[in-house]
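**Q** Starting from the known structure of chain A, arrange chain B on it as the hints suggest.
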Amino acid sequence: MPAPTVILDATAIQRALTRIAHEIAERNEDSSVVALVGIPTGGDHLATRLSKILSGIWNHPVPVGILDVTMHRDDLDRRAAPQMHPTVIPFDVTGKTVVLVDDVLFSGRTTRAAMDALNDFGRPKRIQLAVLIDRGHRELPIKADFVGKNVPTALNEKISLLLVESGAPKDEALLKKR
Amino acid sequence: MPWTKKHLLDIESLTAEEIVTVLDTARAFKAVGERTIKKVPALRGKTVVNLFIEPSTRTRISFELAEQRLSADVINFSTEASSFKKGETLKDTARNLEALNADFIVIRHSASGAPHFLSRVLEASVINAGDGAHEHPTQALLDTFTIREKKGKIAGLNVTILGDILYSRVARSDLWALTKLGANVTLCGPSTLVPKTFERMGCRVMHDVDEAIRDADIVNLLRIQHERQRKTMFPSINEYTQLFGLNKERLAKTRPGALIMHPGPINRGVEIDSDIADCSRSLILEQVTNGLAVRMAVLFLINGGKGPQEVAGN
Chain A
0 MPAPTVILDA TAIQRALTRI AHEIAERNED SSVVALVGIP TGGDHLATRL SKILSGIWNH
60 PVPVGILDVT MHRDDLDRRA APQMHPTVIP FDVTGKTVVL VDDVLFSGRT TRAAMDALND
120 FGRPKRIQLA VLIDRGHREL PIKADFVGKN VPTALNEKIS LLLVESGAPK DEALLKKR
Chain B
0 MPWTKKHLLD IESLTAEEIV TVLDTARAFK AVGERTIKKV PALRGKTVVN LFIEPSTRTR
60 ISFELAEQRL SADVINFSTE ASSFKKGETL KDTARNLEAL NADFIVIRHS ASGAPHFLSR
120 VLEASVINAG DGAHEHPTQA LLDTFTIREK KGKIAGLNVT ILGDILYSRV ARSDLWALTK
180 LGANVTLCGP STLVPKTFER MGCRVMHDVD EAIRDADIVN LLRIQHERQR KTMFPSINEY
240 TQLFGLNKER LAKTRPGALI MHPGPINRGV EIDSDIADCS RSLILEQVTN GLAVRMAVLF
300 LINGGKGPQE VAGN
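Chains as they are written, first to last, in numbering that gives the first Met the number 0: chain A, 0 to 177; chain B, 0 to 313.
Simulated from the structure, these hints should not be mistaken for laboratory data. Values in this document were obtained by computation on a predicted structure and should not be read as measured data. Careful, some of the hints might be misleading.
To be verified - Pairs of lysine-lysine, BS3-like flavour, derived with a Cα cap of 30 Å:
1) B:37 / B:5
2) A:157 / B:4
3) B:37 / A:95
4) A:124 / B:29
5) B:38 / A:95
As the list claims (entries may be wrong) - These stretches of chain A come out as covered by chain B in the derived footprint (C-beta under 8 Å, 3 or more residues):
6) 60-70
7) 77-90
The beta-carbon is built from N, C-alpha and C at its ideal position, and this holds for glycine as well.
Looking at chain A on its own, in the form it has when it is part of the complex (with noise of 0.2 Å):
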């Protein structure tokens, strides 16, 4: 079995989330009202970094919750119920521009999930969709607004991203065959 490759190093992942919060800051005018959601598990962490970046950029902290989205899943009743993360959303969302961050954007079935889940929550102004890494096969009509990187990936693929805040000794963004 082949060793699996890294798509993105940990110098290249701090460069891409560099990049889309420069983007966010560009599509959004009025920063006061942009709040970051982080979808476990990677995604959480990754919206706490954009959050640190983007307080830079903007002069003022940008909130950041966490939003597990495994109780409005679609596929619950087919397989054994993955394990949840808790979420904790310390503002109002509603009237907010919500920005999803998430890790790996593939089916698109998480991210219309997530947007079921925030609604419990509250009416966003409207929500954003940053990913890390779009592998394509979409299965649902939802794009990302941001994205780090492009990498087309055959089904059978499999894309891991490791960070150092879950314990992994280095950030790395791994492409290996199933």
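**A** Just chain B now, with coordinates in the frame of chain A:
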């Protein structure tokens, strides 16, 4: 570890990892109950039948609310229903309900083993809400959840279960769950209600309350099961209360951090003094809140575990 069981019939057949999976999942569902919108679509379109042949208010309401908060459709079928009076067997009742494409049957019955029987004759998932004096799995799960939330762990804790053990399904389920998770369990009550044979399950059996609760981290009080006792097991309620009831004086002899639990409904002034039931060391109302979260978790996990297992993508 992922939950792959189709039913929840008892704690006896669960591994410690499976119990912990339920507790971890319940934590997320407890948070749902604190939001403005207390509902998630996880069981949307599924039908749950609450088949309560033995009367219950609190457990049935707890299950019903759990089911509704998961967006399931709920049917309540209770002992007053006429078909039982007309002599319909349990199997036929259940089969009829299944013909309505019920996905889950939550059953409480006075006969031990009724849920196990149903699980063999039905396609639906069966959840035991209390069968005779045998087991009450969701009670034990909410009890262990409550203890873990308050004390941070189960292993190594001293838990004393006090009262009518012999006729108590709660005691049996608690005993299984606590011993599987590594707690030190002491059973205490009148010798007529707490036979020594229980020691075979890996706990201590005592008949002296003060001794039994002295080193306890948790004191779990059980009600006298009038409806299940065939003969009177002690001379009078008064004598039970004097010898085994938890009052202020007894409570003062426990460790400062010892907490009090009771599955409910409480008999104020019998197994528990009125002011103790309401004091800051009592977890009784939290148990009710946690019961809702645990039942949501159980339904959620069984929903996932019973179907064909697809592997999720990225």
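**Q** Compare the structure with each hint and give your call.
**A** Now for the hints, and whether the structure bears them out:
A distance of roughly 26 Å separates the Cα atoms of residue 37 of chain B and residue 5 of chain B; the hinted pair therefore holds under the 30 Å criterion. As the CA atoms of residue 157 of chain A and residue 4 of chain B are separated by approximately 28 Å, the hinted pair is consistent with the 30 Å bound. With a CA separation close to 22 Å, the supplied pair residue 37 of chain B and residue 95 of chain A stays within the 30 Å bound. At roughly 28 Å between alpha-carbon atoms, residue 124 of chain A and residue 29 of chain B fall within 30 Å of each other, so this suggested pair holds.
Our distance criterion of 30 Å between C-alpha atoms is met by residue 38 of chain B and residue 95 of chain A, whose separation comes to about 22 Å. Requiring three or more residues with a Cβ within less than 8 Å of a Cβ of chain B, the coverage given for the stretch 60-70 of chain A holds, as 3 such residues are present. Under a criterion of three residues with beta carbons nearer than 8 Å to beta carbons of chain B, the stated coverage of the stretch 77-90 of chain A is upheld, 10 such residues being counted.
Hint violations for this structure: none, all hints satisfied.
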